Amino acid sequence: MTSFAGENKYAHYGIFNVGNRTGSDFGEGPFQLTSLHYSGDAGDSLAYNNGEAFSTSDADNDEWSGNCADYYKSGWWHKYNAQTNLNGVYFDDSQVGDTTAHWISFSDSQEALKTIVMMTRPLQQQ
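Residue numbers for the sequence shown follow full-length UniProt numbering, beginning at 1 and rising by one.
Derived from the structure by calculation, the hints contain no laboratory data. Bear in mind that the values here come from a model prediction, so they are computed numbers and not experimental data. The hints are all genuine.
Okay, the calculated beta carbon distance ranges per label pair:
#, residue 1, residue 2, range
1, Asp-108, His-12, 16 to 22 angstroms
2, His-12, Ser-57, 26 to 32 angstroms
3, Gln-95, Thr-34, 28 to 34 angstroms
Every residue, glycine too, gets a C-beta built ideally from N, C-alpha and C.
Please model the entire structure based on the sequences and the hints provided.
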């Protein structure tokens, strides 16, 4: 992740899995997030979202009485508020706000990030 000021930080998770909510059959679950064993210098903003279901404007799976995906303008593993919102709105400059694409522990705010790269790889079979 890179801020508009040029600061680079990263977050690595030893375990990052998107699966079905416990008790769901394949294809029927809301894609529950598991993010464990954090390392890096960006802060563990995903800890708040761990165990949450993916929410979209037409599939409200968050714990808020409203629809977080509508409010934050993004599909994400929302809970009640946006500690992370990597699918948020991209801005051309540094702005702070609920709908920005942000990682809250990067700057202790919802400051928009200039660059975000999210990489995954398949589990190696043993």
